[in-house]
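**Q** With the hints as extra help, turn the sequences into a complete structure.
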Amino acid sequence: MDDDVLVTIETDVDLVRARAEARAVAERLGFSRMDGTLIATAVSELGRNIVVHVGAGEIVVRPARQDDRCGVIVIARDSGPGIQDVEAALRDGYATGNGLGLGLPGARRIMDEFEIESGNGSGTTVKAVKWRMRDELERLRDRR
Amino acid sequence: MAIPILKQGPWLIASIQSALSDSEILALRDDLADMVGRLRARGIVIDVGGVDVIDSFVARSLRTIAMTTRLRGAETVIVGIQPDVAVAMVQFQLDLEPLHTALDLEEGLEVLKSQTNGAPDHGR
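Each protein sequence line maps, in turn, to chains A and B. The opening position of the first sequence corresponds to residue 0 in numbering that gives the first Met the number 0, with each subsequent residue numbered one higher. The opening position of the second sequence corresponds to residue 0 in numbering that gives the first Met the number 0, with each subsequent residue numbered one higher.
Quick caveat, the hints were computed from the structure, so don't treat them as lab data. Since this is a predicted model, take the numbers as computed values, not measurements. Just so you know, even glycine gets a beta-carbon here, dropped at the ideal spot from N, CA and C. Please note that a few of the clues may not be correct.
Said to hold, decoys possible - Coverage of chain B stretches by chain A, computed from C-beta distances (three or more under 8 Å per stretch; other residues unrestricted):
#1 19 to 25
#2 49 to 57
#3 89 to 96
Stated by the list, open to error - Here are a few chain B residues that face chain A, going by a calculated C-beta distance under 10 Å:
#4 A13
#5 I15
#6 Q81
#7 D83
#8 V86
**A** Here's what the structure looks like:
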């Protein structure tokens with residue numbers, strides 16, 4: 000899809016760009032600044048996991064439309080060794096790297112949908128979606 | 000890009016004006032730990048008004064800064080957390096405890112003054 004934005008993640012500096020791109024997509028879709036910040040925060044955590052645990056990967060930010068709502072899909076992909084215990088990784092305080100284990104569970108709380116695919120040797124893909132009700136948008140637009 | 004740190008009397012003021020990479024915030028941590036001793040500062044205000052997100056790494060780094068500099072004898076106050084950033088932190092369930100926060104630079108300096116009130120002045 001030509002609306003996709005892809006950011007290659009190799010260093011912590013790439014996280015800054017990934018956050019800005021995600022925010023820009025959210026703004027284009029009419030998300031509020033608040034929601035843009037929520038999405039950018041989730042992108043930051045997912046991107047940092049790539050930098051810290053794998054060293055290279057990518058983040059794709061994709062507009063989504065479904066029935067009466069539109070949303071932002073964030074996909075974080077890497078081809079690293081994978082997450083050994085996905086359920087544990089989603090628990091607060093489960094840390095394998097240098098962190099406190101707050102990143103993934105926090106990102107999941109921020110987003111409406113959140114799934115992790117991590118298999119043997121096939122790397123890790125995290126897909127997260129934030130929805131925005133369209134009627135809510137229209138109501139806001141009318142108010143302006 | 001290094002984050003500018005200004006000295007104003009016994010206070011250090013670090014003002015973050017734009018989105019921050021992880022390495023920039025670590026550099027800020029090291030600069031502040033060093034400057035607290037070198038400039039004999041008793042308090043630090045970190046203005047995060049320009050920060051685009053406060054995620055788990057940034058929150059942890061700010062806590063580390065506060066605890067490190069406290070060991071060096073200075074209190075830290077975080078000011079300028081934007082409303083959208085504050086909402087995201089709450090939803091994320093991040094908190095900055097045991098950090099002090101205030102609305103803006105002026106309020107932050109007031110907090111520092113009351114925090115360090117009554118502490119012996121070593122002629123700084």
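**Q** Compare the structure with each hint and give your call.
**A** Hint by hint, here is what the structure shows:
1. 19 to 25: holds (count 4)
2. 49 to 57: holds (count 6)
3. 89 to 96: Since 4 is at least three, the answer is holds.
4. A13: violated, 18 Å
5. I15: Violated - the Cβ of I15 (chain B) stays beyond 10 Å from chain A, reaching only about 13 Å at its closest.
6. Q81: holds, 8 Å
7. D83: Check passed: Cβ of D83 (chain B) comes within 4 Å of chain A, closer than 10 Å.
8. V86: Given a least distance of 5 Å, the restraint on V86 (chain B) holds.
In this structure, the hints that do not hold are numbers 4, 5, in rising order.
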